[in-house]
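As a plain string of letters, each chain reads:
There are 2 protein chains.
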Amino acid sequence: MAGGVGSRFWPMSTPDYPKQFIDVLGCGRTLIQLTFDRFKGICPAENVWVVTSEKYAEEVKRQLPEVADDHILREPCRRNTAPCIAYVSWKIKSINPKANMVVTPSDHIVMDVKEFQRVIRSAMQFTNSSDAILTLGMKPTRPETGYGYIEADLSYPSTNNKEIYRVDSFKEKPDLATAERYVKKSSFYWNSGIFVWNVNTIVNALRVYQPSISKVFERLLPYYFSEKEQELINQEFPTCENISIDYAIMEKADEIFVFPADFGWSDLGTWGSLLANSSKDPHGNALIGKNIKMYESRNCVVHTTQEKKVVIQGLDGYIIAEKDDTLLICRLTEEQRIKEFSAE
Amino acid sequence: MAGGVGSRFWPMSTPDYPKQFIDVLGCGRTLIQLTFDRFKGICPAENVWVVTSEKYAEEVKRQLPEVADDHILREPCRRNTAPCIAYVSWKIKSINPKANMVVTPSDHIVMDVKEFQRVIRSAMQFTNSSDAILTLGMKPTRPETGYGYIEADLSYPSTNNKEIYRVDSFKEKPDLATAERYVKKSSFYWNSGIFVWNVNTIVNALRVYQPSISKVFERLLPYYFSEKEQELINQEFPTCENISIDYAIMEKADEIFVFPADFGWSDLGTWGSLLANSSKDPHGNALIGKNIKMYESRNCVVHTTQEKKVVIQGLDGYIIAEKDDTLLICRLTEEQRIKEFSAE
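Protein chains in written order, with numbering that gives the first Met the number 0: chain G, 0 to 343; chain W, 0 to 343.
Rather than coming from a laboratory, the hints here were simulated on the basis of the structure.
Treat the hints with care, as some may be off.
Lysine to any residue pairs mimicking SDA-like chemistry, simulated, CA-CA at most 20 Å apart [stated by the list, open to error]: (1) G/289 - W/79; (2) G/308 - W/120; (3) W/97 - W/120; (4) W/113 - W/41; (5) W/251 - W/79; (6) W/170 - W/141; (7) G/308 - W/14; (8) W/307 - G/342; (9) G/292 - W/338; (10) G/307 - W/341; (11) G/322 - W/338; (12) G/307 - W/14; (13) G/307 - W/342; (14) W/322 - G/290.
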C-alpha cells in the first residue's frame, strides 16, 4: 500500500512526493524500497503488488523497477485501505485463487529485518493452511497514543502456531491514561497495519462484511489485465466507501488472530518517531544528511537533502527539515501543528 | 572599494560571492548597487571607479552596467585599503589631476540618503578648495566594540566649514569599558572608512608616508589605460605592503579633518547589525526573503533566497541564513564563531 500523502512529515514529505518515496533514514534506500527489500527471500519480485495513486505510479516504477507495470495498481482517488486491499485481492484471486498474501504499508520501518522475516514466514505458514485473518501486533515499548491497540486473548494460542492468539478486541487510539493502562498489561499490542491471509479469506470476508465494495471489484473481473481496466477503475473506484480495513473487516469478523511480534517496528508517523528510530550522535541528535555540523545542540532531528551543508548551534529539541525550496524549524513538542505550518 | 570577502556573513556571503554583491536588505538592490545609487546627483556614472578583485570584476560589470570597463580596477590579490586607494588615485590623477574624490566601501548601508548626500556635497566643497584629508565620523549610538573611533578636537572647527573639525587622534577598536567611555563624550565618532580629498592630496600623502607603495603606481604611470596595465599590476601589486589607509596615512599625517555626521550608517559587519538596521516585524524579527512565516519567535534575523518557503517556530535571538546549498542556524550571541562554523 503506497498511496499515503505523508502530511505529518512536511516539508520532507509533501502530497506531490510523500514519505514512502523518500530516503527518510538517510540510508540510501527509500521507505518503499526498504519495504520491498524486507520481502527478499520471502516473496519473489514478480509476486509483489503495489497499490498507489495514479500520480505516484511512475515514481513507484522508477523506485521499484523489479515490479511489473501491471502489478502497480492505480487508484484514481483515496478511499482508505479497504477498497485498496479489495482491488488487489480480486486481481490476485483472478490469476491465483490459492495465493497467500501479506498486506503491508510501504512507509513503515523495521529495524530487525531478520526477525521480521521469521515472523512473516511463520505467519504465512499459518494462513497457508487456515482461513485465518491474521494481523501483526507489536509489543508496545511506551504508552503511545498515536496507535490503535489489539487486545489478545492469551489463554487461546492457536493450535497450529503457539505464537499466534485470538484477538479479543481492537481498541481505538487511546488517551494517555488508557495507553498507560494498556502498556502495563501483557495482552495489548500496537496495531501495525500488517496483515497476513490467503486471498480467498479476505475476498470472502469482504463479500460478507462489505458487499457494496465487493460488488465493484466482482463486476470488474472480466476486465482485469485488459486495456479497459483503468478506465473502469477510474469510474467505479470512487463509488467505494472510504473505509479502513480495520473498520471494514477486523472489528466485524469473529475470528481474527494476532501474531505478537517485536522487530523494531515504527509507522514513522511523526518526526519524534523518526528521532526515536534513528541512530543518534552522543548528544541525542538524529542527523540525516551528509554534511551536518552540530554545536551545543541536543535532541534534534535534522533532515536535509544530501548536498546541503548545515551548521546548527544552540538548539535543543527541534526539528530542522529542509527540502528543495522549503525549510522548517520547529520544536518537536509542536510537531502536531505541522499541518497548520504547511498550509499556504 | 569592492574587494572584501564578507566572511562574517556566511553563508549568505562567501568568498566566491561576498556581501557587496548581495541584496542583503531584501530591497531589490545589492549593497554595491545601493552604494552606486547613493551618489546619483553627486557623481556622474562616468566618474565612478570600482576597485575589486579580479574574480569579482565580471560581477561588478553585471551589477553596475553604468560603469565603464576601464573604471573597474582588478587587484590580483588582497592588500587592504592603502594599495587599493593608491592604485585608483594614480589612475585618476593621470587623467584629471584636479579631481575631487570620495572613497567609500561598497558594502556599507546608509539609511538617510538625503542627509548622506548633503554631507558628501558639503565635504567635497571643503576638499575642493583645500588640501585637507577628510574622514567622515559617525555619531555613535551605542558602545560598539567592532568599530575604530575618531576623537575630534571640537575646539577647532575648520574656518571653511563649521561642521568639520580637526582630528585629535584615531582609536583602535576598544574594549567595552573604553567604548562606553567614548560614547559618553561628544567628541568621539565611529570611523566609517569613508574619505573625501582631492587626488593630489592623497597622492602626495602617500608619497610622503608610503614611498614604497607610491613607487609602484608611479612606475606604472606610462601604462595606465594600456593593454599592458593589467599584466604589470598583476606583477607589481602583490609587492605592495598589506596595510589599511588608516595605518598608512590617517594615523601618520598631521592635518586630518573629520566631518561628524549622522545618516544612519552601518558597516553591516555582523548579523546583529543587519538585525539592528532592518525593518522588523512586531516581534523584533528581521525577515529578509519573500515567504517567511514566524510562530512564537522573536529577535531573529532570517535571510533566505527569494524563492524559499520558511517556517520557523519557537526561536528567540537566532540567525537563520540559507543560501544555495548551505544553512546556518545559530544564536546571535555566538555569531563571532561564524568563521569557525564555515570552515570545512
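Results for each hint:
1. Taken as a hint, the residue 289 of chain G and residue 79 of chain W pair is broken in the structure, with Cα atoms around 37 Å apart against an allowance of 20 Å.
2. Using a Cα cut-off of 20 Å, the hinted pair residue 308 of chain G and residue 120 of chain W is violated, with the two alpha carbons roughly 46 Å apart.
3. Taking the CA atoms of residue 97 of chain W and residue 120 of chain W, the gap is near 17 Å; set against the 20 Å cutoff, the hint holds.
4. Of the pairs offered as hints, the one joining residue 113 of chain W and residue 41 of chain W holds, with about 11 Å between alpha carbons and a cut-off of 20 Å not exceeded.
5. Distance hint between residue 251 of chain W and residue 79 of chain W is fulfilled; the C-alpha atoms sit about 17 Å from each other, no more than 20 Å.
6. Proposed proximity of residue 170 of chain W and residue 141 of chain W is supported: the alpha carbons are some 16 Å apart, at most 20 Å.
7. For the hint linking residue 308 of chain G to residue 14 of chain W, the alpha-carbon distance of about 16 Å falls within 20 Å, and the restraint holds.
8. Proximity of residue 307 of chain W to residue 342 of chain G is assessed by CA-CA distance (about 15 Å); at most 20 Å being required, the pair is judged to hold.
9. This hinted pair checks out: residue 292 of chain G and residue 338 of chain W have alpha carbons roughly 14 Å apart, not beyond 20 Å.
10. Using a Cα cut-off of 20 Å, the hinted pair residue 307 of chain G and residue 341 of chain W holds, with the two alpha carbons roughly 13 Å apart.
11. For a cut-off of 20 Å, the pair hint linking residue 322 of chain G to residue 338 of chain W is broken: about 26 Å separates their Cα positions.
12. Proximity of residue 307 of chain G to residue 14 of chain W is assessed by CA-CA distance (about 18 Å); at most 20 Å being required, the pair is judged to hold.
13. For a cut-off of 20 Å, the pair hint linking residue 307 of chain G to residue 342 of chain W stands: about 15 Å separates their Cα positions.
14. Annotation: proposed proximity of residue 322 of chain W to residue 290 of chain G holds, straight-line Cα distance about 15 Å (limit 20 Å).
Hint compliance for this structure: hints 1, 2, 11 are broken, all remaining hints hold.
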